[in-house]
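The hints should help you fit chain B onto chain A, whose structure is shown.
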Amino acid sequence: GAVVSQHPSRVICKSGTSVKIECRSLDFQATTMFWYRQFPKQSLMLMATSNEGSKATYEQGVEKDKFLINHASLTLSTLTVTSAHPEDSSFYICSARGGSGTTDTQYFGPGTRLTVL
Amino acid sequence: AQSVTQLGSHVSVSEGALVLLRCNYSSSVPPYLFWYVQYPNQGLQLLLKYTSAATLVKGINGFEAEFKKSETSFHLTKPSAHMSDAAEYFCAVSPSGGSQGNLIFGKGTKLSVKP
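Just so you know, the sequences run in chain order A and B.
According to this note's numbering, the first sequence is numbered sequentially starting from 1.
According to this note's numbering, the second sequence is numbered sequentially starting from 1.
Next up, chain B with everything else stripped away, as it sits in the complex:
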C-alpha cells in the first residue's frame, strides 16, 4: 500500500526566507510524486511532478522538489518566499504502471508567509 506523510501541518516563514515543505512516501513500486497547491475555497493546482526522469524537478512559481529514493522523500523548496505563496500544499503519490493513476494525498501543510 502507498502512503504519504507530510511533516508539519503548519509552516510559517518570513517573506524572502527559504521555504521547505517535507514529504515522505511509502510505496512498494516505483512511485510518481506530485505537489499541489490549494488556495482557500479553490481546487488544486499542480506545482510539479516526478515521473522517474530527472530527480530534481522544477515547477511553477519558483518551486522545486528533489526525489531521494534512499530517503523516500520528495521535499518541496523555494529559495525566497513571497506573500502570494501562502496556501495549503499537498504532496501526493501515484503508482507507476497502474491503470488508474489514482492519487493518494498527504494531509497537507499550510504555509504562512510573514511580512
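Okay, chain A solo, but in the shape it has when bound:
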C-alpha cells in the first residue's frame, strides 16, 4: 500500500520556539494532505486540509497564523508550529490522499510527538 512518512517522529522544544513537521508521500502523488492532532486518550481532530499549490483550509478554532501549513509539492506538506507553548504539546498526524475522489483512501503517517517545555 501507499506509504506516508513524517519527520521528525519525536521533538522536544522550548516554549516560544517554532517547530516544523514534514509529511511526505513516498510512492504516490498526494493531491490533498490533512493534518490532525490527537491528545492523549482522545480521537483525532482535523486541523486543516491542504491541496497542492493552494492555501490550506483550516478548521474552526485552529489558528492559521500559529499552525502554518505549506503544500508546495505533490509529495510534501509541512506543518510549522510557531511560538510553541506547552498546550501545543500533542501527537500530530498527517494523512495523504492521492486521488480527487472522496472514496480514495487517506493514508496516514506514523505521527510526530511534540513536547513543548
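FYI, nobody ran anything at the bench for these hints, they're computed from the structure.
Glycine included, every Cβ here is placed at the ideal spot set by N, Cα and C.
Keep in mind that a hint or two might mislead.
Facing chain A, from chain B, some residues (calculated, C-beta under 10 Å) [claimed, not checked]:
#1 Q6
#2 Y36
#3 L46
#4 K49
#5 S84
#6 A87
#7 E88
#8 L103
#9 I104
Below, chain B alone, put in the same frame as chain A:
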C-alpha cells in the same frame, strides 16, 4: 452535520473470542464509513471502508464490518481475537460526494486481548 459514536471506550476479550466494536453514525447524506487501527505511538492503518457498494465489507487481518442503514451502524467484528489485535480502533465517517472527503473520527475503542 456528521458525527460518529463508538460505544465503549474499552473492550476486553479473551484470545479466540469474538470481537465486536460498535460504531453508530449520524449523517444527513449517504456516508462513507471507515475503520482504522492505531498501535501505540503509531499512525492509523486502514482496516476497511464502506463506499456504498456491498454492505458487508471485509478488511485486513480477518476483520469485517456491516453497514446497516436502518440502524445507522457500522460495527466491526472478528470471529477470533488474536493477541496482536490489541490496539485502539477508530470509526470514521466522510460525506460522499463531498469535495474534500474529510474524515470525522469517533473517540476510539481500546481493545485488550487476554491470553
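Hint check:
1. Given the 10 Å rule on beta carbons, the hint for Q6/B holds: about 9 Å separates it from the nearest Cβ of chain A.
2. At its closest, the beta carbon of Y36/B sits 7 Å from a beta carbon of chain A; the interface hint therefore holds under the 10 Å criterion.
3. The beta carbon of L46/B comes within 6 Å of a beta carbon in chain A, closer than 10 Å, and the hint placing it at the interface holds.
4. At about 7 Å, the closest approach between the beta carbon of K49/B and any beta carbon in chain A falls short of 10 Å, and the interface hint on this residue holds.
5. Given hint, S84/B at the interface with chain A, is violated; its Cβ is 18 Å from that chain's nearest Cβ, farther than 10 Å.
6. Below 10 Å, beta-carbon pairs count as interface contacts, and A87/B has none with chain A, the closest being about 14 Å; its hint is therefore violated.
7. Interface hint at E88/B: satisfied, since its Cβ lies 9 Å from the closest Cβ of chain A, which is below the 10 Å cut-off.
8. Taking 10 Å as the C-beta cut-off, the interface hint given for L103/B holds, the closest approach to chain A being about 6 Å.
9. Of the supplied interface hints, the one on I104/B holds, with its beta-carbon coming within about 8 Å of a beta-carbon of chain A, less than 10 Å.
Figure legend: structure checked against the earlier numbered hints; hints not met, in rising order: 5 and 6.
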